[in-house]
Amino acid sequence: MTKKKTKTTPTQRDGDTSAKDAGKNISVLDRKDFISKLFKTGAGTLATTIVGNGMLKSVSSLYAQSKDNRAVKRKFRYGMVIDTRRCVGCRSCVLACKAENKTPSGVSYTVVFEEILENRPNDKPVFMTKPCFHCEHPPCTDVCPVSATFKRERDGIVVVDYERCIGCRYCMTACPYSARWFDFGENYPAIEQNTPWAQVPSPEYKQFRKRKNKQSPVGNVRKCTFCLHLQDEEGKYNKEEGRWPACAKTCTGKAIHFGDLNDPNSEVTVLLRERQYMRLKEELGTSPNCYYLI
Amino acid sequence: MSLLQEYFNDRNKVVKNLKLIFWTACALSLLIGFYGWFVRIVDGHIKANYGSIVTWGLWVAGYIYFIGLSAGSFLVSSLVYVFNYKKFERIGKLAVFTALVTLLMALLSIWADLGHMGRAWHVIVFPNFKSPMAWMIYLYSLYMLLIAVEIYFLLRYDFATGANNSTFKGKIYKLLSLGSKDSTEESKQRDKKVVKRLATAGIPIAILFHGGVGALFGVVSARPHWHSGLFPILFLLSALVSGGALLTLISSIFQQGWSKNKGVIIELGKMVLALLLLDVLFQVSEFLVAYRGGIPGHTAGFDLVLSGPYAWVFWGWQGLIGTVIPILLLIFPTRKSPLWVALAGLLIAAGIFGLRLNIVIPGLAVEEIHGLTSAIYSHRVDPHYFPSISEWALTMGIVGFGMLLFGLGEYFLPKHEEKT
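These protein sequences, in sequence, are chains C and W. Take 4 as the starting number for the first sequence in this note's numbering and just add one per residue. Take 313 as the starting number for the second sequence in this note's numbering and just add one per residue.
This is chain C alone, in the form it adopts within the complex (with noise of 0.2 Å):
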């Protein structure tokens, strides 16, 4: 038997590769519970902890990811800082994002609202960009019934395995934001006559992906990334050398911040800093990670 070398994706789960680590802490750390608890407690409480806790992890993968989850450190939390009073409605983020990730018509993973307010001059109105919400509580990857959509541990980005989905919409469904969309196969004309663009594959996830009937991401549902693939191996962006989020990196007010919410030097952290901001259905408890200036 020769060794497999496996590759990491960037739709794998950052969990898989450092699992078997991560269990090792696991039990070490059990083990002095252990120990502190016996000395602690009466016996009785120490035999439902292990057998409870001996149960959960054989019967449920669940506990175990939630142990992993937290021995994994999350490196970078990246989001979006808009702002609201600088957004023209040009639209060219909609333009920029098309042409980077080559979505078909019908999907398009950023969209801009428009929004008359009374009682302003010349009647102009609010500009909205809105793409994925990368949220720290995402509704839409719990209800995936084979985990196809998933929050990356590294850096918070909510990804779609177009291999895995099997194209049920229940995410869709779960989204308050309406930031998924069903690829239903539709092309433009260009796609469609087999132009030389139809050859352009999609830098999506890095997976370079040639579009082709029915094959994914047809009949997946699609979303925002972040462009997760202009990272580095570190997942780090960077703007000078141009490998940043294609709306946050074409947009003519400036009103698009991109950026690491954990690192306090940031742009996005400096702006919400220093402005007023607002997020979307905060009732829900999402906790999106695209904050508005207004």
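Worth double-checking, as some hints may not be accurate.
As the list claims (entries may be wrong) - Here are the computed lysine-lysine pairs in the DSS-like style, where the Cα-Cα straight-line distance is at most 25 Å:
| no. | chain 1 | residue 1 | chain 2 | residue 2 |
| --- | --- | --- | --- | --- |
| 1 | C | Lys217 | W | Lys359 |
| 2 | C | Lys284 | W | Lys442 |
| 3 | C | Lys101 | W | Lys328 |
Just so you know, these hints were derived from the structure itself, not from any lab.
Could you slot chain W onto chain C? The hints should help.
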């Protein structure tokens, strides 16, 4: 009126005509369904009219409808096999058979709805125990297995005794008996015990899995129209109503029809009436709480139901045809005539389909963020949804498939024997 009476008195002629109508309808539905499935297989989802806003359409509504019929008729059958309710004994087997057929119809409907039909098995291989949909799938798989085994033990004795005939039917019985040749009275008693155990285990499973279908919708906090604690219970109730109603219709057609099953049909009619009234009460409660609460996001879905472009589904289909007329039929002296009760059953069963549509579509057709559907121009981003021709055709095909199974079952499966 007297002409009609005369017509129904000549039973043989009526039965012959009805059979012709039945098989013609079945063949037509299958033919139309063939087109629907052909389009689905060849073109995928392109010819379907749902989109990224109303992302579940006719096929999902069809799924929850058929699966409700299944759970409902199974629970009716458990009255016979668990609680030993003698009045329904004649249609016990028929009810379990109905549960199996409608379950198969439901699975076909949801299978067609998947983006990748070939990946349905992923649910078993990549389980997510947090997902209500995953739980629902595990539970109905278990349920399907259970009713298949239950049907086998219900009919095994008949198969084993019939297998000796050298006719075509005998050969089929031999196949269906799975090699069992034991036709003693003891084996019959043993089968009865097995059936009772299976049926008992089936009750919690049927309640869990159909409550689970309701929970699948109920847990979605993003859709205020669905997000209600009443939902799992409302699903169960509607399942019992539609299942019972369908059984009144089915038992007036199959197993010697309305003349022999008169008592059962009338008794079922009473049960269905009570359940339907309870169902109406639950629905009224949903509306009252939503409107008195008055949160715009919550009432938006109900507004669509009551006064949206498809309000006729609620007022005409679900309300008048599916609720008011059958309630009157079941209250007035028509309640004593099996044919009128069967008609009421047909109307109720059809009406509940309107109810299912009114659950799925208005819940999704409300813009989640104001202005979303005008932000980009695409027919996939449209709050108005009406099923396409191929969607209707595929669903028709599923109905035809169900009719075919019933027709074959009537021809091949053993009839209920009168005790002498």
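Hints versus structure:
no., hint, verdict
1, C:Lys217 / W:Lys359, "holds (13 Å)"
2, C:Lys284 / W:Lys442, "holds (23 Å)"
3, C:Lys101 / W:Lys328, "violated (62 Å)"
Of the numbered hints given earlier, the model fails hint 3 alone.
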